[in-house]
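Use these hints to put chain B onto chain A, whose structure you have.
Chains as they are written, first to last, in numbering that gives the first Met the number 0: chain A, 0 to 155; chain B, 0 to 497.
Bear in mind the hints are in silico, worked out from the structure with no lab data behind them.
Just so you know, these numbers come straight off a predicted model, no measurement behind them.
Heads up, none of these hints are tricks.
Simulated crosslink set (DMTMM-like; lysine to aspartate or glutamate; CA at most 20 angstroms straight-line):
#1 B/K223 with A/E74
#2 A/K6 with B/D435
#3 B/K492 with A/D62
#4 B/K223 with A/E114
#5 B/K251 with B/E292
#6 A/K67 with B/D435
#7 B/K393 with A/E74
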Amino acid sequence: MNINTTKIISLLFFIFSAFYLYTAYQIQVFAFDENAPFNARTFPIYLGYSGLFFSGLKLILPDPDTIKVEHRTLEYKKTALLIVIAVIYGATILKVGYFLTTSLFLFASYYFLGERRWILMFLLSFPFVAAFMYLLHGVLEIYLRDPFLKSIGVMG
Amino acid sequence: MIEGILIGLATALSFKNIFMVMIGCFFGTIIGMLPGLGPMTAIALMIPITYGFDPATGLILMAGVYYGAVFGGSTSSILLNAPGVPGTVATSFDGYPMAQQGKAGKALAIAAWSSFAGGTLSAIYLLFMAPSLSKVSLSFRSPDYFALMILGLTAIAAFSSKGQFLKAMMMVVLGLMLASVGQDSLSDITRFTFDNMNLTDGISFVLVVMSTFAMSEALTIILKRNDPTAAAKQVSLTELGSIRINKEERGKMYRTIPRSSVIGFLIGVLPGAGATIASFLAYGMERNLVKDEEKEKFGKGSVNGLSAPETANNAACSGSFVPMLTLGIPGSGTTAVMLGALLGFGIQPGPRLYMTNPEIFWSVIMSMYIGMVILLILNLPLIPYIARILAVPKNYLIPLILFFSITGIYVMSFNNFDIYLMIGIAVVATFLRLYDFPMPPLILAFVLGGLMEENLRRSLLLSNGSWEFLWDRTLTICILVTTILIVLWHIYKTLTKK
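Bound-form chain A, shown alone:
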C-alpha cells in the first residue's frame, strides 16, 4: 500500500468518524424514545458508519491519482501570519470595536503581504472601512457594535 498524504487524511477521517460514532452512541435520548424506530442518535450513527466506510475504502483501495504538493513553493509563513492576524482581529473586534480593528486588520494584512504603497494602504483601510460601515450601519441598518467610536462620541 502506497502511503501518501491523501491516505493520512483518510486515516484521520477514519479516526474522526470513529470518535463521531462513539459520541453519537453517547447522545442521551428520552426514555420513551430509547426503542423508537428513529431518535436523536439514529441519523448520527448512520453517518458515523458511513464515514468509517468511505474513509476505510479510501485507505485500502489503491490511489491511482496521487496528488503531489510541492511544499517548497508554498507560502506557509505568510499564510500562518495572515491566520494569526485574523485570530487577533476576531479576539479584539468586540472589545475594541469594528472600525478600528477592521482598519488595522486590513492595514496589517496589506503590509504583511508585501505592500508598501502607504497612501493606497491607508485609503483601502480606514476610509474604506468607514464607507463600508456607513453602508451597513447607516443605509442597510445592520447594527454594528463599536465601543471605540462610542467612547469618542462618533456613534450613538
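Chain B alone, transformed into the frame defined by chain A:
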C-alpha cells in the same frame, strides 16, 4: 400562472430589483473573472448583505451574481487561459487561441452574445418547465425526498471531482456531520456540542460557506503564491482587437446556440451535473456536428467551439434553478448556497413555493431575462475596462476577501467563537483543498443534512422502523435506480480510464 408571471415581472422590474441585478452582475463578473474565485465565493460574500433585503430582492441579487460570475469566468479563460470557474474551462479551448491571434475582443464578444442567448433561451425553458415540474413534485412523499437527496449527494460527488468519488463522498459525510451539530429539531436534545453553549443552535450555514469557500480560497491563493504553474498564467494583457462579429461568424453562432442551450439546460436540471459538464458536452457535441473543415479549427480558435460551451454553461445556470425552486433540492453547489440563504430568510423552496410565494418564484425567473440583458449591456462596452481588473494585486484582494468573510459572520452573531470556528474550518478546508478534496459536496450535504434527517425520520416512523419504504413506491425505486446507475457509470468510467 399568468397572474404569477405578472407579479414576478412587476417585482423584478421595480427600480430596486433592477439595480440589484446590475450590482449583482457587475460584482459577479469581477469576482468570476479572478482565477480561483467562482460564483460560490461571490454569492457567499453577498449573503450577509442580502439579509438586509426582502427575500425576492436578496435572491435576485444572488442570481445576478451567479450569471455575472459565470460570464466573468469566461473573460479570464479567454484572456489568460486561466478559467475563473470550472464551467468555463471549455471556453478556453478556443477562446484563448483566438486571443493569441489578436482577436481577444471578438472572442469576448462571441462569449457575451452566446452567454446572453444561452441564458435567455434557458430562462424561457425554465418558464414553461418549472410550473409543470412543481405539479409533479407535489406527489413526492418523504421516502421520495430522502431518495432524491441521496441521488443529489451521490451525483454531485460523482460529477464534481475528476475520478475522486471517494474523496467527494467523504466530504458529503463531513458536511452531514457538521449539519448534525446542535439541537435535534424534534426532541431538542443537544448533539455534539460538548457542553459549549455557542454550538447549541448548530453551526451557521453562512459560517460554513464563508470558511470553506471565501476564506479558504483566499488562504489557498496566498499559499500557492509562488507556485510556478500559477505564476505562468500572469501574462500581460495585449491588445484586445475589434469586438465586431461578422456575418459568417454570426451564421455559425445561429446554428450552435439553440442546440447548446438545450443540452446546457437539460444538464443543469440534473442534480449535481451543472455548468462544467454541460459546457464539455456541448463542446463535444458541437465538434461532432460541424463540417469536417470546421472540425479542423477546433482548439485553434473556432467560433463554434467558443460559442457552444459559453451558451451551455449559462443555460445550465438557469437549469440548475429548476430542482432548487421546484423540489427544494439544489442542482449544484452554487444553488446549494442559494438554498441555504433562502432557508435563512425563512423560506422553504419546494413544490408549493410558486403558490405560497409567487413573487419570489416568478421574480427570480423574470429577473433572469433582465439579468441577461443587463449582463450584455454592461459587459460588451466595458470589455476593455473590465479586463484590466484581472491585474488587481493579490496584496489587496486577499485581505479584502478575509475582511468580507469575517464581517459577514460578525454582523450575524457578534460572537468571537464563531470567528474562531470559521478560521478553524477555513484552515482545515485549505489543507483539504491542497489534496483535491472537493468542497461543493460538503456544502450541498450541509444544506441538505437537516431535511435528509427529517425525511428519513418520517419514513422510518411511518414504516415502523423498516427500510421497506425504499422499495414501496415506484417513484422511490426509480430515483434509487438512477443513483445506482450513476455510481455504476462512475465505476465503469474509472475502470476504462485505467
